[in-house]
Amino acid sequence: MLFRCLCLLATASLAATAGARPPMPLEPIDLPPSVQQGVDLIYIDPEIAPAIRQRDALAKELGLSNEVGGGVDLLIPMNPLYTQLRRGLMSYRASWSGLPQVKIDAGPALKAGATGERVALLRQRLGLGGTGSFDPALDKAVKAYQQAHGIKPDGIAGAGTIASLNLGAAHYERLLMINLERARRLPSTSERGRYILVDAGAARLYMFDGGKVQDSMKVIVGKTASATPMMAALIRYASVNPYWNVPPDLARTLIAPKVLSEGLGHLKAERYEVLSDWSPEATVVDPKTIDWAAVAAGKEELRMRQLPGRGNSMGDIKFMMPNDYGIYLHDTPDKALFGKDERWISNGCVRLEDARRLAKWVFGDMPKGSNPDAEEDIQLEKPVPVYITYLTADASSKGAQFRKDPYGRDAALLARFGPPKELAAR
Numbered sequence: 001m002l003f004r005c006l007c008l009l010a011t012a013s014l015a016a017t018a019g020a021r022p023p024m025p026l027e028p029i030d031l032p033p034s035v036q037q038g039v040d041l042i043y044i045d046p047e048i049a050p051a052i053r054q055r056d057a058l059a060k061e062l063g064l065s066n067e068v069g070g071g072v073d074l075l076i077p078m079n080p081l082y083t084q085l086r087r088g089l090m091s092y093r094a095s096w097s098g099l100p101q102v103k104i105d106a107g108p109a110l111k112a113g114a115t116g117e118r119v120a121l122l123r124q125r126l127g128l129g130g131t132g133s134f135d136p137a138l139d140k141a142v143k144a145y146q147q148a149h150g151i152k153p154d155g156i157a158g159a160g161t162i163a164s165l166n167l168g169a170a171h172y173e174r175l176l177m178i179n180l181e182r183a184r185r186l187p188s189t190s191e192r193g194r195y196i197l198v199d200a201g202a203a204r205l206y207m208f209d210g211g212k213v214q215d216s217m218k219v220i221v222g223k224t225a226s227a228t229p230m231m232a233a234l235i236r237y238a239s240v241n242p243y244w245n246v247p248p249d250l251a252r253t254l255i256a257p258k259v260l261s262e263g264l265g266h267l268k269a270e271r272y273e274v275l276s277d278w279s280p281e282a283t284v285v286d287p288k289t290i291d292w293a294a295v296a297a298g299k300e301e302l303r304m305r306q307l308p309g310r311g312n313s314m315g316d317i318k319f320m321m322p323n324d325y326g327i328y329l330h331d332t333p334d335k336a337l338f339g340k341d342e343r344w345i346s347n348g349c350v351r352l353e354d355a356r357r358l359a360k361w362v363f364g365d366m367p368k369g370s371n372p373d374a375e376e377d378i379q380l381e382k383p384v385p386v387y388i389t390y391l392t393a394d395a396s397s398k399g400a401q402f403r404k405d406p407y408g409r410d411a412a413l414l415a416r417f418g419p420p421k422e423l424a425a426r
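Counting in this note's numbering, the sequence shown runs without a single skipped number right up to 426 at its last residue.
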């Protein structure tokens, strides 16, 4: 039943068909009612949707619409990530699903040298038999389990590891199914043009050409409160030497308090200016005329922008894919953030580890404007599709590997199908 329900999400959200809201908000933005965010893509540019819809129609004609986790890719070209995840599911079933699904009682962390009933349960759960101590074989098995399930592989069966084991293999098979459904929406290997794939779950960008990955880089994506939406759009132009239009909430919480404590010199030092409104015809306003205390208190809203050049939060270039959600790819001067594991910190847009490298791939070279102190749009002769998805599982020759779910989308989707069968107590 789970597999059929997941497939139905391809065409209509359960919230829309049932007239009910999801059990928790999946996005802080308004979404089309037919979109189940967490699985589907929002098609900003309809012209990039037909190939995927034609493939879905073919799958339906061949009776493969409900074959979640099956070998659809053996008959119909699919995205390479789908094939990897399908193989990962097969590997997971071979490695973990056949083990005794027994429940381990909560208690102190178990580690090398430990003995007792809970160690016996842990040994049984990991297929080593129910007798013996926490020996090197169990240490190796615990580390292998942790590695596959996104837990620090320290060989210590603490509360997190025990909780994961007690979820059971069926829970993780469901997660792989959800990720297979996400991968099912992506372009197939038969689509030979160039496109960009952003995986917000891994905070990574991939450049595809000829159905294969040509290059990749780290990215920074939206924090939980401003999650980067799953969408498909076309990069139509790039803005070089861009302004940074400051979000009103940051003008209130970040800039206005600085002005109140440091004076208007803060604006000059950071190269900010105030504009009259959000229209293209907006004019620059004298900051002396602004009631900065009212702005800081949230009583007045300002349009502010940071001038191009040194320290600009947009860096040297923005890749523009016009959409109502204000999402685009952009450079950033703060490269140190890419050395960190936690890269879910933006206001929704995608910050690039190496914008110049992407620009060279998209344009053939880094586009240049006529004036380094003025924003200028450079049109792209042939628009490049961008697909933003969200994967919380990966697969390689070593099998399936699970990742964190920073946006909480998996939990919201799994909740629709009820909990899997509880593990049996011994």
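Hint data in this document are derived by calculation from the structure and do not stem from the laboratory. Remember, it's a predicted structure, so these values are computed and weren't measured experimentally. Heads up, a few of these hints could be off.
[As the list claims (entries may be wrong)] Below are the PhoX-like pairs computed for lysine-lysine, each with C-alpha atoms no more than 20 Å apart in a straight line:
| id | residue 1 | residue 2 |
| --- | --- | --- |
| 1 | K382 | K218 |
| 2 | K340 | K258 |
| 3 | K335 | K299 |
| 4 | K152 | K404 |
| 5 | K258 | K218 |
| 6 | K340 | K218 |
| 7 | K152 | K398 |
| 8 | K382 | K368 |
| 9 | K335 | K223 |
| 10 | K223 | K111 |
| 11 | K340 | K143 |
| 12 | K340 | K368 |
| 13 | K360 | K152 |
| 14 | K103 | K218 |
| 15 | K360 | K212 |
| 16 | K143 | K111 |
| 17 | K143 | K398 |
| 18 | K299 | K288 |
| 19 | K360 | K218 |
| 20 | K340 | K223 |
| 21 | K60 | K103 |
| 22 | K152 | K111 |
| 23 | K268 | K299 |
| 24 | K398 | K140 |
| 25 | K258 | K268 |
| 26 | K152 | K140 |
| 27 | K360 | K340 |
| 28 | K299 | K258 |
[As the list claims (entries may be wrong)] Simulated restraints on C-beta separations:
| id | residue 1 | residue 2 | range |
| --- | --- | --- | --- |
| 29 | K382 | D354 | 20 to 30 Å |
| 30 | S276 | L62 | 14 to 24 Å |
| 31 | R236 | A163 | 39 to 49 Å |
| 32 | E281 | Q379 | 35 to 45 Å |
| 33 | K340 | N245 | 21 to 31 Å |
| 34 | K340 | L167 | 39 to 49 Å |
| 35 | A374 | K340 | 41 to 51 Å |
| 36 | I378 | D249 | 27 to 37 Å |
| 37 | A163 | P322 | 16 to 26 Å |
| 38 | Q379 | D154 | 49 to 59 Å |
| 39 | E301 | A163 | 41 to 51 Å |
| 40 | D334 | K152 | 19 to 29 Å |
We put the beta carbon where it would ideally sit given N, CA and C, even for glycine.
Evaluated hints:
For the proposed pair K382 and K218, the alpha carbon gap of about 25 Å is over 20 Å, so the pair is violated. A distance of roughly 27 Å separates the Cα atoms of K340 and K258; the hinted pair therefore is violated under the 20 Å criterion. Pair hint K335 plus K299 does not hold up; C-alpha atoms about 35 Å apart against a cutoff of 20 Å. For a cut-off of 20 Å, the pair hint linking K152 to K404 stands: about 12 Å separates their Cα positions.
Pair hint K258 plus K218 does not hold up; C-alpha atoms about 32 Å apart against a cutoff of 20 Å. Annotation: proposed proximity of K340 to K218 holds, straight-line Cα distance about 10 Å (limit 20 Å). For the hint linking K152 to K398, the alpha-carbon distance of about 17 Å falls within 20 Å, and the restraint holds. Proximity of K382 to K368 is assessed by CA-CA distance (about 18 Å); at most 20 Å being required, the pair is judged to hold.
At most 20 Å may separate the alpha-carbon atoms for a hinted pair to count; K335 and K223 meet this at roughly 18 Å. For the proposed pair K223 and K111, the alpha carbon gap of about 35 Å is over 20 Å, so the pair is violated. Among the hinted pairs, K340 with K143 is inconsistent with the structure: their alpha-carbon atoms are about 23 Å apart, more than 20 Å. Simply put, K340 and K368 have alpha-carbon atoms about 30 Å apart, too far for the 20 Å limit, and the pair is violated.
Distance check on the hinted pair: K360 and K152 sit about 37 Å apart at the alpha-carbon level, beyond 20 Å; violated. For the hint pairing K103 with K218, the CA-to-CA distance comes to about 38 Å; that exceeds 20 Å, so the pair is violated. Between K360 and K212 the alpha-carbon distance is near 18 Å, which keeps this suggested pair within the 20 Å criterion. The suggested pairing of K143 with K111 holds, with an alpha-carbon distance near 11 Å, which does not exceed 20 Å.
Under the criterion of a C-alpha separation no larger than 20 Å, the hint pairing K143 with K398 is consistent with the structure, at around 14 Å. Simply put, K299 and K288 have alpha-carbon atoms about 17 Å apart, close enough for the 20 Å limit, and the pair holds. Our distance criterion of 20 Å between C-alpha atoms is met by K360 and K218, whose separation comes to about 17 Å. Pair hint K340 plus K223 holds up; C-alpha atoms about 14 Å apart against a cutoff of 20 Å.
With a C-alpha separation of about 40 Å, the suggested pair K60 and K103 falls outside the 20 Å cut-off, and the hint is violated. With a C-alpha separation of about 14 Å, the suggested pair K152 and K111 falls inside the 20 Å cut-off, and the hint holds. A threshold of 20 Å between alpha carbons decides the hint, and for K268 with K299 the separation of about 24 Å lies outside it, so the pair is violated. About 15 Å separates the Cα atoms of K398 and K140, which keeps this hinted pair within 20 Å; it holds.
A hinted pair counts as satisfied when its Cα atoms are at most 20 Å apart, and K258 with K268 qualifies at roughly 12 Å. For the proposed pair K152 and K140, the alpha carbon gap of about 13 Å is at most 20 Å, so the pair holds. Distance restraint check for K360 and K340: the Cα-Cα separation of roughly 25 Å exceeds the 20 Å cut-off, and the hinted pair is therefore not satisfied. For the hint pairing K299 with K258, the CA-to-CA distance comes to about 17 Å; that is within 20 Å, so the pair holds.
For the pair K382 and D354, the beta carbons lie near 22 Å from each other, so the given range of 20 to 30 Å is met. Restraint check, S276 to L62: a C-beta distance of roughly 59 Å breaks the suggested window 14 to 24 Å. Separation of R236 from A163 is about 47 Å and conforms to the stated range, judged on CB atoms against 39 to 49 Å. At roughly 22 Å, the beta carbons of E281 and Q379 sit outside the given window of 35 to 45 Å.
The supplied range of 21 to 31 Å is met by K340 and N245, whose beta-carbon atoms lie about 26 Å from each other. Separated by about 28 Å at the C-beta atoms, K340 and L167 break the suggested range of 39 to 49 Å. Evaluation of the 41 to 51 Å hint for A374 and K340 yields a failure: the beta carbon distance comes to about 33 Å. The hinted window of 27 to 37 Å between I378 and D249 holds, with their beta carbons roughly 30 Å apart.
Range check, A163 to P322: about 44 Å between beta-carbon atoms, so the 16 to 26 Å window is missed. Take Q379 and D154: their Cβ atoms lie about 52 Å apart, and the range 49 to 59 Å holds. Here the CB-CB span from E301 to A163 is close to 44 Å, well matched to the stated 41 to 51 Å. Under the hint 19 to 29 Å, the C-beta atoms of D334 and K152, about 27 Å apart, fit the expected range.
Of the hints listed earlier, those the structure fails to meet are numbers 1, 2, 3, 5, 10, 11, 12, 13, 14, 21, 23, 27, 30, 32, 34, 35, 37, in rising order.
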